[in-house]
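Chemist: Turn these sequences into a full structure, and let the hints guide you.
Protein chains: 6
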Amino acid sequence: MADRLLVLTAHPGDFVWRAAGAIALATSRGDRAVIGCMSFGERGESASLWRQGHTLDEIKAQRRAEAEKAASVLGAEIRFSDAGDYPLTETPGLTRELIDLYREVQPTVVLTHAAADPYNHDHATAHAIALRARVLAQAPGVEGPGEVIGAPPVFCFEPHQPEQCGFTPDVLLDITEVWDRKREAMQVLAAQKHLWNYYTELGARRGLQAARNSGPNLGLPSDTRAEAYQRVFPQVTRALS
Amino acid sequence: MADRLLVLTAHPGDFVWRAAGAIALATSRGDRAVIGCMSFGERGESASLWRQGHTLDEIKAQRRAEAEKAASVLGAEIRFSDAGDYPLTETPGLTRELIDLYREVQPTVVLTHAAADPYNHDHATAHAIALRARVLAQAPGVEGPGEVIGAPPVFCFEPHQPEQCGFTPDVLLDITEVWDRKREAMQVLAAQKHLWNYYTELGARRGLQAARNSGPNLGLPSDTRAEAYQRVFPQVTRALS
Amino acid sequence: MADRLLVLTAHPGDFVWRAAGAIALATSRGDRAVIGCMSFGERGESASLWRQGHTLDEIKAQRRAEAEKAASVLGAEIRFSDAGDYPLTETPGLTRELIDLYREVQPTVVLTHAAADPYNHDHATAHAIALRARVLAQAPGVEGPGEVIGAPPVFCFEPHQPEQCGFTPDVLLDITEVWDRKREAMQVLAAQKHLWNYYTELGARRGLQAARNSGPNLGLPSDTRAEAYQRVFPQVTRALS
Amino acid sequence: MADRLLVLTAHPGDFVWRAAGAIALATSRGDRAVIGCMSFGERGESASLWRQGHTLDEIKAQRRAEAEKAASVLGAEIRFSDAGDYPLTETPGLTRELIDLYREVQPTVVLTHAAADPYNHDHATAHAIALRARVLAQAPGVEGPGEVIGAPPVFCFEPHQPEQCGFTPDVLLDITEVWDRKREAMQVLAAQKHLWNYYTELGARRGLQAARNSGPNLGLPSDTRAEAYQRVFPQVTRALS
Amino acid sequence: MADRLLVLTAHPGDFVWRAAGAIALATSRGDRAVIGCMSFGERGESASLWRQGHTLDEIKAQRRAEAEKAASVLGAEIRFSDAGDYPLTETPGLTRELIDLYREVQPTVVLTHAAADPYNHDHATAHAIALRARVLAQAPGVEGPGEVIGAPPVFCFEPHQPEQCGFTPDVLLDITEVWDRKREAMQVLAAQKHLWNYYTELGARRGLQAARNSGPNLGLPSDTRAEAYQRVFPQVTRALS
Amino acid sequence: MADRLLVLTAHPGDFVWRAAGAIALATSRGDRAVIGCMSFGERGESASLWRQGHTLDEIKAQRRAEAEKAASVLGAEIRFSDAGDYPLTETPGLTRELIDLYREVQPTVVLTHAAADPYNHDHATAHAIALRARVLAQAPGVEGPGEVIGAPPVFCFEPHQPEQCGFTPDVLLDITEVWDRKREAMQVLAAQKHLWNYYTELGARRGLQAARNSGPNLGLPSDTRAEAYQRVFPQVTRALS
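So the sequence lines, in the order shown, correspond to chains A, B, C, D, E and F.
So in our numbering, spot 44 of the first sequence is number 44, and the numbers just go up one at a time.
So in our numbering, spot 142 of the second sequence is number 142, and the numbers just go up one at a time.
So in our numbering, spot 123 of the third sequence is number 123, and the numbers just go up one at a time.
So in our numbering, spot 26 of the fourth sequence is number 26, and the numbers just go up one at a time.
So in our numbering, spot 45 of the fifth sequence is number 45, and the numbers just go up one at a time.
So in our numbering, spot 143 of the sixth sequence is number 143, and the numbers just go up one at a time.
It is possible that part of the hints are untrue.
Pairs count within a copy or across copies, as identical chains cannot be separated in the list.
Listed next, the in silico SDA-like pairs over lysine to any residue satisfying Cα-Cα at most 25 Å (straight line) [as the list claims (entries may be wrong)]: (1) 69 with 163; (2) 193 with 205; (3) 193 with 151; (4) 193 with 204; (5) 69 with 145; (6) 193 with 221; (7) 69 with 216; (8) 193 with 150; (9) 193 with 176; (10) 193 with 89; (11) 193 with 211; (12) 193 with 138; (13) 69 with 131; (14) 69 with 176; (15) 193 with 223; (16) 69 with 49; (17) 193 with 148; (18) 193 with 32; (19) 193 with 139; (20) 193 with 219; (21) 193 with 140; (22) 193 with 241; (23) 69 with 168; (24) 69 with 28.
Rather than coming from a laboratory, the hints here were simulated on the basis of the structure.
Remember, it's a predicted structure, so these values are computed and weren't measured experimentally.
Modeler: So, in structure tokens, the structure goes:
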């Protein structure tokens, strides 16, 4: 039976740069992937649009369109909470929406931001909200539509300046086979062209590390492409590898 | 093709209490498992034998016999370095022996002690030696018989008082299907009967945690038996789960 | 002069599983013990009652009755803030109530949750509220009934999955002499029968660790029962031991 | 029955600046206190004597005389291993000596250096040796005169630049009643007069912290004198305070 | 061109005890220094005034007058947000005020509290608000008067009990040449006379550490006066020293 | 007066990939730079030469020649201890050599490896030796030629897989103006051509981070080239920036 991947982010660009490989891997295997965007990144991650004189509504519309197109390239669904950014704030309404989303999707794997980011506090807020809503969605006493969820593993994707965010990669995900899809999704974000190369290089560097840590069994080649993740909960497995 | 599991410990009892589940899982799948014991635990872990007045040679012989029997229950080979314990000391000779063992076995997975143990410094020493010999065995410039090895993942098994050893479980291994085999191996260590229940209870507690962290896919039941491990290097994988 | 123990928890079950030994020890010495429960655990820790179709009010009444009975077994008073759970939220009203409680009880020792718990965020919230209210209760400028308090030491009791909560035991409390009282209090919580054994085993395991760390002076036997705690502030003492 | 305090240091000055209060408290209560000095601090802590042109033997004699006098002021015995300093090195002979000392003294409390000190690596080495010899002295299989010891608690005393050594005080020991004795012992070290005030001030500052953390029961005044310690093992106790 | 120093604190006393040296150094070089005080410390740091029976308004007026005088001694401007203390709370209004202040001052260096303080939670709150407002002030999409700011480095000043606040000094600032100015500013705070000596001694101790770490180039003497700081972001430089 | 930079490494390649920018910056300002190579990297970092069938002596000669050439490109002197690698071992002889080197060079800044590297234990060993020899070289009681040294700051350069080595960059050094020199030095290491791009990309990425953290004063452009370092001791300064 197919898995369900739920990706919870603060802003629309996040899933593209940091998790597009994991999303494309999932959908290429026939899994369902749903992205929950808490805001449109309208204030904090749209500097060039503001400088061009666009209105708030125009900016939100443009960020939404872009994100929908990138999600579509990756074969994923996308939802927007429009909770506002810079600052993104934890409210009962947003939490409610995420609980409902968890229960609708019944995720088998969850991706979200790392716990801290001194360069963008919305990321840490999104992490906290995503983690808290996950636990609330497990409780029969928390009312709402749908069934309670199990306890899906949570992976934090890589922040922009990982060492300053306390991010230590403990999972390197080989995304070589869907690399072209990630590249295509990045190219949808035309205003941030300078990041295409940045994240292409990051994919190669994490890939080289994956190769160096891959052991005799996987034996990945040195031109592997990878994304780095950090687990929130211990891995549960039936075989060490 | 079958995997090769290499287990490097300071004393003979260690692989039974802490890693017998992983060993039995491997051999039950047809993998090769080799245990490298750096000492016979003759001074540090044989208190009752010393109190009974046995000689050093008698104690070493008895510990060897016991360990061989336990290894045999688990379907594993066992080698002894007789490097002395309490204290176990890093010497060029012991390192040499371990390099050769790595190259002979060509492990796909390595198990050893955690990096620190203030209750038994031999454990930390064994960890350091095992890690260093692994890197040396990778280098063509380090001479000796056999081929250089790849970069097998290393898992630290659980120390007796984990919180004081900086041990945080990041892998919970479901060993339910080989639990009887682990129980049988523990019972070989007749002099430490009080530990049978201790480690049976630990298997149940780690199993309950495995169940609680297992997610909708694995969906482990609450009577799972598990062993806890901590990775030294990041996991490399082709799918998040 | 008798001591005053103040125990601040998120939910009614917490003081039974995690701190009943400390409470019973205190009351058995003639100290006053007061438990402040911030909620009835009505949403997050009453899954079976919800599944049985009870109303919110019924569940709160039942959790209250149970907690009052368990407190009574331990010789302790209990107060409920009814601040709601899942999520428990920090509000000026709840903080006000706790400041007043601190000033009424004038505690010499405070117990509460650990600072983090990714499996139950109410626990972390309760920790934060308890710590903040303690500092506010020390200030003459924060108005309200009663006298300002001193600076009582704070001990965090053990979370359910300690390693994932950053909990490292730094105090092991010998509760052997009141073990029967703790067992009796646990048995009041009839719906969670599966936890009786879990916490009985935990008491034995922490007891064994207490024995191993107890030194020549205390010289605790290996069948000791203990509870683990973590200090928030440094210990102040007139003798090292 | 009286306690036995064992203080293991790298150099002769260490016990005076860092632990004289704990030693004087012990002996003032009728306990036995034994100081084991691994070296005479002849190379690393005798800069002014070298600059005056003294020979190695003269320096060792002078440091010994001074340390014996300071120990005598504190009512403590002192032993010297003469193992050499700068660098102090772990050797089987030194370890042997310390095992014998542990077994002779049968300490109920052990004091030694913190685990790290980037300004003086002898301190870290002495910590490691003291901790390892303690475990070896517990084992019947490690031969030598005397009886095996129990598991005495170990406290690390405060290094000169604590924050750079990873030292976080978790015990503040009230030494007010023996402060004059500590002052007198410090004054024996005439060549390091500049440190008298430094450690007098430190005693007052740690004392103020002790007062601020002392809770309603102890209720220490703000002119308390204290020494800071960090535990290696968890505290075992019959009452929280 | 002159630098702009922005100091963001919870209460009026903070900038005097913890950062007066940095402020006086800046103004003595001709830089602009602006202090933003989030509250008057009217509830949490005015115990003696409350005990004397003053009203809230009187206390706020007195704390303001004192702070203005101390700022004037240091050559700095000061602003008050009057957001209330004990507890200081993050509100959109306070954040708005700080964003505007950042944009007005265009700081080249920012000073604020450390990230944690279990003895005074207002300090941690002020740290969080200051850090978050700094990032918001960088975004063109966050509206308001003035220009967006760059990314000024942030330094946390030293809390009262540093080790319990996770504060590790990574910058020691030589303030010898403005020490008299700091002393004079401290003396403005007449009600806290007991702290004059405390912080004088701290200045000497941090100064001694500065001397010991100063290397052959700076070569600071042992009677240096210093303040300790901890960076939030990595240092960027054109020369290692 | 000119500074003296001392770079202490395990193997000949280390100073090129990790610190060539700092070295070239120093020499371009007229400072002296001396590289102390503890081994020729003959066993651990010469895999391709071994595979080509060269003898040990040939390999050492070739590594020496290459390193001398690269040092010359950077305007630096280079010394070799020939202490052997894989494993590099701490011996009194090697320590002696480094003490003498410290005293000869009288460094104002020291560069060496990070404290840990699970992929190459020689790096951690070299770090430990370099740090210990530095302290020994400060003591008049440690005999040998030359004058004792002061306390130069120590910077750890970036390991190959920084996150697995506990390496958090706390200094970003702008090396843009000497980038060509670093590139030229890398090209001397012809056998490791695959690393040229790797470290070119790293220089750009660290440069981008330098730009993002550089503040309004430095205001570095986004095409900056940088190297990352981690301090062992606190920075001592006369101005915050």
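Chemist: If a hint holds in the structure, say so; if it does not, say that too.
Modeler: Right, here's what the structure says about each hint:
no. : hint         : in the structure
1   : 69 with 163  : neither (31 Å within a copy, 34 Å between copies)
2   : 193 with 205 : both (19 Å within a copy, 16 Å between copies)
3   : 193 with 151 : between (38 Å within a copy, 22 Å between copies)
4   : 193 with 204 : both (18 Å within a copy, 16 Å between copies)
5   : 69 with 145  : neither (29 Å within a copy, 35 Å between copies)
6   : 193 with 221 : between (28 Å within a copy, 17 Å between copies)
7   : 69 with 216  : neither (39 Å within a copy, 30 Å between copies)
8   : 193 with 150 : between (39 Å within a copy, 22 Å between copies)
9   : 193 with 176 : both (21 Å within a copy, 23 Å between copies)
10  : 193 with 89  : neither (29 Å within a copy, 40 Å between copies)
11  : 193 with 211 : between (28 Å within a copy, 18 Å between copies)
12  : 193 with 138 : between (40 Å within a copy, 21 Å between copies)
13  : 69 with 131  : neither (27 Å within a copy, 34 Å between copies)
14  : 69 with 176  : within (22 Å within a copy, 38 Å between copies)
15  : 193 with 223 : both (23 Å within a copy, 15 Å between copies)
16  : 69 with 49   : within (18 Å within a copy, 45 Å between copies)
17  : 193 with 148 : between (41 Å within a copy, 23 Å between copies)
18  : 193 with 32  : neither (29 Å within a copy, 39 Å between copies)
19  : 193 with 139 : between (43 Å within a copy, 19 Å between copies)
20  : 193 with 219 : between (33 Å within a copy, 22 Å between copies)
21  : 193 with 140 : between (46 Å within a copy, 19 Å between copies)
22  : 193 with 241 : neither (38 Å within a copy, 32 Å between copies)
23  : 69 with 168  : neither (31 Å within a copy, 37 Å between copies)
24  : 69 with 28   : within (17 Å within a copy, 49 Å between copies)
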